[in-house]
Amino acid sequence: MSRHRLPLLSLLACALLGCVESKYESLAPLDAPLDADHYASHVQPYVALACASLDCHGDGGRPLRLYSELGLRLHHGLRPRAQGDTVEAEPLVAEELRRNVAAFRSLEPAHHAGDERLVLSKPLSRKAGGAAHVGGDLFATSDAPGHRCLQGWLSAESAGPDACAEALEGLGALAPGAASDAGP
Amino acid sequence: MTRSPPTAMARALCCAALGLLLAGCIGQSPEQRAEADLGPEQPGVGTGPNHRPGQPCLTCHGPEHTPGEEVFVLAGTVYRRASDTRGLEGAEVEFEDAEGRSFTARTNRAGNFFVRVEQGRAEPRQRNNGELQLPWPPRFPLRVRVHGDGTQQTMRGLIWREGSCAVCHGGQPGAASNGRIYLEAHMPADAGGGQTP
Chain A
-9 MSRHRLPLLS LLACALLGCV ESKYESLAPL DAPLDADHYA SHVQPYVALA CASLDCHGDG
51 GRPLRLYSEL GLRLHHGLRP RAQGDTVEAE PLVAEELRRN VAAFRSLEPA HHAGDERLVL
111 SKPLSRKAGG AAHVGGDLFA TSDAPGHRCL QGWLSAESAG PDACAEALEG LGALAPGAAS
171 DAGP
Chain B
392 MTRSPPTAMA RALCCAALGL LLAGCIGQSP EQRAEADLGP EQPGVGTGPN HRPGQPCLTC
452 HGPEHTPGEE VFVLAGTVYR RASDTRGLEG AEVEFEDAEG RSFTARTNRA GNFFVRVEQG
512 RAEPRQRNNG ELQLPWPPRF PLRVRVHGDG TQQTMRGLIW REGSCAVCHG GQPGAASNGR
572 IYLEAHMPAD AGGGQTP
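Protein chains in written order, with this note's numbering: chain A, -9 to 174; chain B, 392 to 588.
If you're looking for bench data, these hints aren't it; they were derived computationally from the structure.
Do not take every clue at face value.
[To be verified] With beta-carbon atoms standing in for the labels, derived distance ranges: (1) A:Ala118 <-> B:Gly430: 30 to 36 angstroms; (2) B:Ser474 <-> A:Asp105: 46 to 52 angstroms; (3) A:Ala118 <-> B:Glu490: 17 to 23 angstroms.
[What the hints assert, rightly or not] In silico SDA-like cross-links for lysine to any residue, where the CA-CA straight-line distance does not exceed 25 angstroms: (4) A:Lys117 <-> B:Leu533; (5) A:Lys112 <-> B:Arg534; (6) A:Lys112 <-> B:Thr438; (7) A:Lys112 <-> A:Ser132; (8) A:Lys117 <-> A:Gly142; (9) A:Lys112 <-> A:Leu24; (10) A:Lys112 <-> B:Arg552; (11) A:Lys112 <-> B:Leu533; (12) A:Lys112 <-> A:Glu98; (13) A:Lys117 <-> B:Phe531; (14) A:Lys112 <-> A:Gly67; (15) A:Lys117 <-> A:Ala84; (16) A:Lys112 <-> A:His28; (17) A:Lys117 <-> B:Asp488; (18) A:Lys112 <-> A:Ser31; (19) A:Lys117 <-> B:Ala399; (20) A:Lys112 <-> B:Leu549; (21) A:Lys117 <-> A:Leu87; (22) A:Lys112 <-> B:Pro529; (23) A:Lys112 <-> A:Asp152; (24) A:Lys112 <-> A:Ala146; (25) A:Lys117 <-> B:Pro529; (26) A:Lys117 <-> B:Pro421; (27) A:Lys112 <-> B:Ala489; (28) A:Lys112 <-> B:Arg402; (29) A:Lys117 <-> B:Arg552; (30) A:Lys117 <-> A:Ser132; (31) A:Lys112 <-> A:Leu161; (32) A:Lys112 <-> A:Pro23; (33) A:Lys112 <-> A:Leu54; (34) A:Lys112 <-> B:Glu490; (35) A:Lys112 <-> B:Thr495; (36) A:Lys117 <-> B:Gly491; (37) A:Lys117 <-> B:Glu490; (38) A:Lys117 <-> B:Arg530; (39) A:Lys117 <-> A:Thr131; (40) A:Lys112 <-> B:Asp488.
Even glycine gets a Cβ: it sits at the ideal position worked out from N, Cα and C.
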């Protein structure tokens, strides 16, 4: 085997074995690993309504690409379907959830912590110390339920779930899994 | 002082730049490209309130690119069924904005509706051509409900920033589109199933 082929084959084997992927994943800049189950149960329902619509972070061309039941899907087959007079949403698949968690993780520069985190500062009102966000101010203050929901998850605090439920309720929209009131 | 003749390289670069210019690669903004991507008008339908149903209206009626002359804040097309080729006339599209203000637009004979801000107006005004005039710009996010002929659909998500319904509800349903806005979810067994609004 020539000298040139060996590194190439090693790289290929490494990629096939997941070494490249796992090295990339290990660049997680947050102090603690993100709890994917917590995300799926508590954070995703809020994120789906507040962030992941097709006209915001459900647009595949924007930073922080997020999947949601009624927004961006991995493939066409996951699009909600009509069942009689109602429309049933397909739950997110594991890969969509994994990608959402990865999107949040990859957003954060390594040196950011606490409220410096982009995911917290971007949607926070600039009057309250937030950064500019094309999508506008989602949180008037850092005490807003949505802010506490995300902050609780990122910092692995137990206060997160209640804040997420409160934030979801505050949006006042139908949850993605709820039946539409379509009817004759 | 004499000028040296252009080199072969300079000539080639000039030709390449001219070629790109002629091919439309230079001098066309993203908005112009999006407009061009919409294609020509439907045969027999002139420009006006009934044209281009199902297309993203704000591509040409947006605040930053307005070859259509009038700026819309919201606009779209409603169908009775997802499989229909014609829009539904008389459907009512009811919005509620972030300040709790409600307003309703009614679709024209093409199924189109469009919302414009008319400064100085005291109250919203619906016209027969599908236009709703608002005295104020609606504040996002918006909640939406569509009803007509005793049927209604409520959009389960919120509109956060996009004024063209067809950006998220364009054409066939897919990974990044919910398909058309329609009222009747029920589809005949051989029609392939409908998609959520």
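For each hint, the structure was consulted:
1. Hint check: alanine 118 (chain A) to glycine 430 (chain B), Cβ distance near 46 angstroms, so the stated range 30 to 36 angstroms is violated.
2. Distance hint check for serine 474 (chain B) and aspartate 105 (chain A): the Cβ-Cβ separation is about 50 angstroms, which falls inside the suggested range of 46 to 52 angstroms.
3. Our hint of 17 to 23 angstroms for alanine 118 (chain A) and glutamate 490 (chain B) holds, since their Cβ atoms are close to 20 angstroms apart.
4. For a cut-off of 25 angstroms, the pair hint linking lysine 117 (chain A) to leucine 533 (chain B) stands: about 23 angstroms separates their Cα positions.
5. A hinted pair counts as satisfied when its Cα atoms are at most 25 angstroms apart, and lysine 112 (chain A) with arginine 534 (chain B) qualifies at roughly 23 angstroms.
6. For the suggested pair lysine 112 (chain A) and threonine 438 (chain B), the alpha carbons sit about 41 angstroms apart, so the restraint of at most 25 angstroms is broken.
7. Restraint check for lysine 112 (chain A) and serine 132 (chain A): the C-alpha separation of about 11 angstroms stays at or below 25 angstroms, so the hint holds.
8. Note on lysine 117 (chain A) and glycine 142 (chain A): the hinted pairing holds, with a Cα-Cα distance of about 22 angstroms set against a maximum of 25 angstroms.
9. A distance of roughly 20 angstroms separates the Cα atoms of lysine 112 (chain A) and leucine 24 (chain A); the hinted pair therefore holds under the 25 angstroms criterion.
10. Taking the CA atoms of lysine 112 (chain A) and arginine 552 (chain B), the gap is near 16 angstroms; set against the 25 angstroms cutoff, the hint holds.
11. For the hint linking lysine 112 (chain A) to leucine 533 (chain B), the alpha-carbon distance of about 21 angstroms falls within 25 angstroms, and the restraint holds.
12. Between the alpha carbons of lysine 112 (chain A) and glutamate 98 (chain A) the distance comes to roughly 11 angstroms, so the proposed pair stays at or under 25 angstroms and holds.
13. Between the alpha carbons of lysine 117 (chain A) and phenylalanine 531 (chain B) the distance comes to roughly 19 angstroms, so the proposed pair stays at or under 25 angstroms and holds.
14. Using a Cα cut-off of 25 angstroms, the hinted pair lysine 112 (chain A) and glycine 67 (chain A) is violated, with the two alpha carbons roughly 33 angstroms apart.
15. Using a Cα cut-off of 25 angstroms, the hinted pair lysine 117 (chain A) and alanine 84 (chain A) is violated, with the two alpha carbons roughly 38 angstroms apart.
16. Simply put, lysine 112 (chain A) and histidine 28 (chain A) have alpha-carbon atoms about 22 angstroms apart, close enough for the 25 angstroms limit, and the pair holds.
17. For the hint pairing lysine 117 (chain A) with aspartate 488 (chain B), the CA-to-CA distance comes to about 23 angstroms; that is within 25 angstroms, so the pair holds.
18. For the hint linking lysine 112 (chain A) to serine 31 (chain A), the alpha-carbon distance of about 23 angstroms falls within 25 angstroms, and the restraint holds.
19. With a C-alpha separation of about 59 angstroms, the suggested pair lysine 117 (chain A) and alanine 399 (chain B) falls outside the 25 angstroms cut-off, and the hint is violated.
20. Distance hint between lysine 112 (chain A) and leucine 549 (chain B) is fulfilled; the C-alpha atoms sit about 19 angstroms from each other, no more than 25 angstroms.
21. With a CA separation close to 32 angstroms, the supplied pair lysine 117 (chain A) and leucine 87 (chain A) exceeds the 25 angstroms bound.
22. Restraint check for lysine 112 (chain A) and proline 529 (chain B): satisfied, since their Cα atoms lie roughly 23 angstroms apart, inside the 25 angstroms limit.
23. Note on lysine 112 (chain A) and aspartate 152 (chain A): the hinted pairing holds, with a Cα-Cα distance of about 22 angstroms set against a maximum of 25 angstroms.
24. For a cut-off of 25 angstroms, the pair hint linking lysine 112 (chain A) to alanine 146 (chain A) stands: about 20 angstroms separates their Cα positions.
25. As the CA atoms of lysine 117 (chain A) and proline 529 (chain B) are separated by approximately 22 angstroms, the hinted pair is consistent with the 25 angstroms bound.
26. About 33 angstroms separates the Cα atoms of lysine 117 (chain A) and proline 421 (chain B), which puts this hinted pair outside 25 angstroms; it is violated.
27. Taken as a hint, the lysine 112 (chain A) and alanine 489 (chain B) pair is honoured in the structure, with Cα atoms around 20 angstroms apart against an allowance of 25 angstroms.
28. Annotation: proposed proximity of lysine 112 (chain A) to arginine 402 (chain B) is violated, straight-line Cα distance about 49 angstroms (limit 25 angstroms).
29. Note on lysine 117 (chain A) and arginine 552 (chain B): the hinted pairing holds, with a Cα-Cα distance of about 21 angstroms set against a maximum of 25 angstroms.
30. Restraint check: the Cα-Cα separation between lysine 117 (chain A) and serine 132 (chain A) comes to about 11 angstroms, which is no more than 25 angstroms; the hinted pair holds.
31. Straight-line distance between C-alpha atoms of lysine 112 (chain A) and leucine 161 (chain A) comes to about 18 angstroms, which keeps the hinted pair within the 25 angstroms bound.
32. Between lysine 112 (chain A) and proline 23 (chain A) the alpha-carbon distance is near 22 angstroms, which keeps this suggested pair within the 25 angstroms criterion.
33. Simply put, lysine 112 (chain A) and leucine 54 (chain A) have alpha-carbon atoms about 12 angstroms apart, close enough for the 25 angstroms limit, and the pair holds.
34. At most 25 angstroms may separate the alpha-carbon atoms for a hinted pair to count; lysine 112 (chain A) and glutamate 490 (chain B) meet this at roughly 22 angstroms.
35. Between lysine 112 (chain A) and threonine 495 (chain B) the alpha-carbon distance is near 32 angstroms, which puts this suggested pair outside the 25 angstroms criterion.
36. As the CA atoms of lysine 117 (chain A) and glycine 491 (chain B) are separated by approximately 23 angstroms, the hinted pair is consistent with the 25 angstroms bound.
37. Only pairs whose Cα atoms come within 25 angstroms are accepted, and lysine 117 (chain A) paired with glutamate 490 (chain B) is accepted, the gap being roughly 20 angstroms.
38. Under the criterion of a C-alpha separation no larger than 25 angstroms, the hint pairing lysine 117 (chain A) with arginine 530 (chain B) is consistent with the structure, at around 19 angstroms.
39. A threshold of 25 angstroms between alpha carbons decides the hint, and for lysine 117 (chain A) with threonine 131 (chain A) the separation of about 8 angstroms falls inside it, so the pair holds.
40. With a C-alpha separation of about 22 angstroms, the suggested pairing of lysine 112 (chain A) with aspartate 488 (chain B) holds against the 25 angstroms cut-off.
Checked against the numbered hints given earlier, this structure breaks hints 1, 6, 14, 15, 19, 21, 26, 28 and 35; the rest are met.
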